[in-house]
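There are 2 protein chains.
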Amino acid sequence: MSLLVIGTVAFDTIETPFGKTDKIVGGAATYASLAASYFYNQVKIVAVVGDDFPKEEIADFEQHNINTEGLQVKPGEKSFFWSGRYHNDMNSRDTLITELNVLADFDPIIPESYQDCEYLMLGNLTPQVQQTVIKRMHKRPKLIVMDTMNFWMDIALDDLLETIKLVDVLTINDAEARQLSGEYSLVKAAHKILTIGPKYLIIKKGEHGALLFHEDKVFSAPALPLAEVFDPTGAGDTFAGGFIGYLAKVGTINFNNMKNAIIFGSALASFCVEKFGTEKIKNLTAEEVSGRVQEFVNLAQFEIVL
Amino acid sequence: MSLLVIGTVAFDTIETPFGKTDKIVGGAATYASLAASYFYNQVKIVAVVGDDFPKEEIADFEQHNINTEGLQVKPGEKSFFWSGRYHNDMNSRDTLITELNVLADFDPIIPESYQDCEYLMLGNLTPQVQQTVIKRMHKRPKLIVMDTMNFWMDIALDDLLETIKLVDVLTINDAEARQLSGEYSLVKAAHKILTIGPKYLIIKKGEHGALLFHEDKVFSAPALPLAEVFDPTGAGDTFAGGFIGYLAKVGTINFNNMKNAIIFGSALASFCVEKFGTEKIKNLTAEEVSGRVQEFVNLAQFEIVL
Chain A
24 MSLLVIGTVA FDTIETPFGK TDKIVGGAAT YASLAASYFY NQVKIVAVVG DDFPKEEIAD
84 FEQHNINTEG LQVKPGEKSF FWSGRYHNDM NSRDTLITEL NVLADFDPII PESYQDCEYL
144 MLGNLTPQVQ QTVIKRMHKR PKLIVMDTMN FWMDIALDDL LETIKLVDVL TINDAEARQL
204 SGEYSLVKAA HKILTIGPKY LIIKKGEHGA LLFHEDKVFS APALPLAEVF DPTGAGDTFA
264 GGFIGYLAKV GTINFNNMKN AIIFGSALAS FCVEKFGTEK IKNLTAEEVS GRVQEFVNLA
324 QFEIVL
Chain B
24 MSLLVIGTVA FDTIETPFGK TDKIVGGAAT YASLAASYFY NQVKIVAVVG DDFPKEEIAD
84 FEQHNINTEG LQVKPGEKSF FWSGRYHNDM NSRDTLITEL NVLADFDPII PESYQDCEYL
144 MLGNLTPQVQ QTVIKRMHKR PKLIVMDTMN FWMDIALDDL LETIKLVDVL TINDAEARQL
204 SGEYSLVKAA HKILTIGPKY LIIKKGEHGA LLFHEDKVFS APALPLAEVF DPTGAGDTFA
264 GGFIGYLAKV GTINFNNMKN AIIFGSALAS FCVEKFGTEK IKNLTAEEVS GRVQEFVNLA
324 QFEIVL
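Note that the protein sequences, when read in sequence, are chains A and B. Residues in the first sequence are numbered from 24 upward in steps of one, following the numbering used here. Residues in the second sequence are numbered from 24 upward in steps of one, following the numbering used here.
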């Protein structure tokens, strides 16, 4: 039994009002697998990098018990590179550079040893590649979670809709939910998106938390109010990785466990934004994680006896 | 013992994407006192109207056990009138007409029978008038809640700050908290605002719920995700009225009761936006209110054992 994470493993340079990084390691699969590793010790990644990717970074994955057999290293090629600048509100950003490099013709090969996968996290990537991964699993995983973004809605909507049909949980942000559904009300948007196929929809609202929709049920999770958001890069991937990692740990898929998984995912995401890149989420202790989850409990809980 | 509500009692005409009203009854004190009346039966209002204000509407207050002895009716004068148009997102609006009329020289006279007031709700109004009310109370009420808006920050900041110093709870929205503090982070904004004087700060975030700050504690309340928001007018006043009405009912001021008060206030506000004006919040049953509060419990509660 294992949790397979597919997505980008890449280089980023990031500018925020707090500073600017050199090329640092990023990518959806990086953040998601690191986050999941705090809850589950059978995390495996499928991704592609060039031979410019530092061996020590691959060793770092292994230190977190993340299996890298599925991480293809392409000799003579360069890793995916993204550069972005955040605005003062930290909610919007401009992409400065996107170099696809190895990602341009990424063929996601699933090692035989990964076929025991019960939990599949499809990190943000071409929907076609996400779909290929599902099709290459000999047995459909028990739970497939898919993250995506507006970019694919703009340029590959048909592929995206076909892939969404195949998954159990879709995670997108509020603007993307509105774009995908054509509905302004998130309740209407959610109900429309759930008719495409997924059983669960998570709408991420950044500093306003997240909403979970399933059938006629809805759960609202808060975000931790932070004095300083240093770098939002990877927060959504970290959230998704923590979410599926927690579910893999508890092993039972139901609405109550999903609610808790959102709180655990949110707790990890709240760490992610406190430093540039993966710096914070690479070095957390179990006590820090449970302390942060307790902060969410204190933040959201009230007792009303009707 | 009573709960005194001061604010506008007025006429509005409202345009939303769903339609347009004739002149209907509105005003901060109208919404707040109606909301409070669902929890507490000693609500008293101080406000001013012209003799164009319908007697049946005053009778309606009394039907809700709202004491109108402090509602001044000015012969030969006209009631305050506001007209606004909401944009498609329902979060922003344009003011089309503001006619101060009787409000221009409003002198808030406190009837002697109101001097037993333990709970004072200062609805949105000139900070100078709000302050006069506090000064005219023979004995400082046990709890003073103040609502205000960006308009007073723009034109009467010194008066506003002086009034804020005197209250226990301030309610403002997120943009206003940022404007008042000069801080983008709501955590930093809250801590700065609490140093002005209030012991509690509630930051209203509309469809994203509300945050309560007190010392180093914070509580995040969700908003109920609604398929349709029909008319947001008065939602903030309804929230504040429900909030203080619930506290007057329970009688003990502490952080836990404040959290519950926010949920009760939010529940009433969620009804308010479902119809134009006061239509919905004038005619609620106790069962509807407790059913809605239960929806908030279901929406926000999770169980994590660490």
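Be aware that a few hints might be false.
[What the hints assert, rightly or not] Quick list of in silico lysine-lysine cross-link-like pairs, DSSO-like style, CA-CA up to 30 Å:
{"id": "1", "chain 1": "B", "residue 1": "Lys228", "chain 2": "A", "residue 2": "Lys303"}
{"id": "2", "chain 1": "A", "residue 1": "Lys215", "chain 2": "B", "residue 2": "Lys240"}
{"id": "3", "chain 1": "B", "residue 1": "Lys162", "chain 2": "A", "residue 2": "Lys215"}
{"id": "4", "chain 1": "B", "residue 1": "Lys43", "chain 2": "A", "residue 2": "Lys303"}
{"id": "5", "chain 1": "B", "residue 1": "Lys215", "chain 2": "A", "residue 2": "Lys228"}
{"id": "6", "chain 1": "B", "residue 1": "Lys215", "chain 2": "A", "residue 2": "Lys240"}
[Stated by the list, open to error] For each label pair, taking beta carbons as the anchor points, the in silico distance ranges come out as:
{"id": "7", "chain 1": "B", "residue 1": "Glu80", "chain 2": "A", "residue 2": "Asp177", "range": "36 to 42 Å"}
{"id": "8", "chain 1": "A", "residue 1": "Lys215", "chain 2": "B", "residue 2": "Pro134", "range": "41 to 47 Å"}
{"id": "9", "chain 1": "B", "residue 1": "Asn277", "chain 2": "A", "residue 2": "Asn277", "range": "22 to 28 Å"}
{"id": "10", "chain 1": "A", "residue 1": "Val210", "chain 2": "B", "residue 2": "Asp130", "range": "42 to 48 Å"}
Hints listed in this document are in silico derivations from the structure and should not be mistaken for laboratory results. Glycine residues also receive a C-beta, built at the ideal position from the N, C-alpha and C atoms.
Okay, the hints, checked on the actual structure:
1. For the hint linking Lys228/B to Lys303/A, the alpha-carbon distance of about 29 Å falls within 30 Å, and the restraint holds.
2. Taken as a hint, the Lys215/A and Lys240/B pair is broken in the structure, with Cα atoms around 38 Å apart against an allowance of 30 Å.
3. About 56 Å separates the Cα atoms of Lys162/B and Lys215/A, which puts this hinted pair outside 30 Å; it is violated.
4. Distance check on the hinted pair: Lys43/B and Lys303/A sit about 52 Å apart at the alpha-carbon level, beyond 30 Å; violated.
5. The suggested pairing of Lys215/B with Lys228/A holds, with an alpha-carbon distance near 25 Å, which does not exceed 30 Å.
6. Of the supplied pair hints, the one linking Lys215/B and Lys240/A is violated, its CA atoms being roughly 38 Å apart against a limit of 30 Å.
7. Roughly 52 Å separates the CB atoms of Glu80/B and Asp177/A, a value that falls outside the hinted 36 to 42 Å.
8. About 54 Å separates the C-beta atoms of Lys215/A and Pro134/B, a value inconsistent with the hinted range of 41 to 47 Å.
9. A C-beta distance of roughly 35 Å is found between Asn277/B and Asn277/A, which places it outside the suggested range of 22 to 28 Å.
10. One distance hint, 42 to 48 Å for the beta-carbon pair Val210/A and Asp130/B, holds here, with the actual separation near 46 Å.
In the structure shown, a violation is registered for the earlier hints numbered 2, 3, 4, 6, 7, 8, 9, in ascending order.
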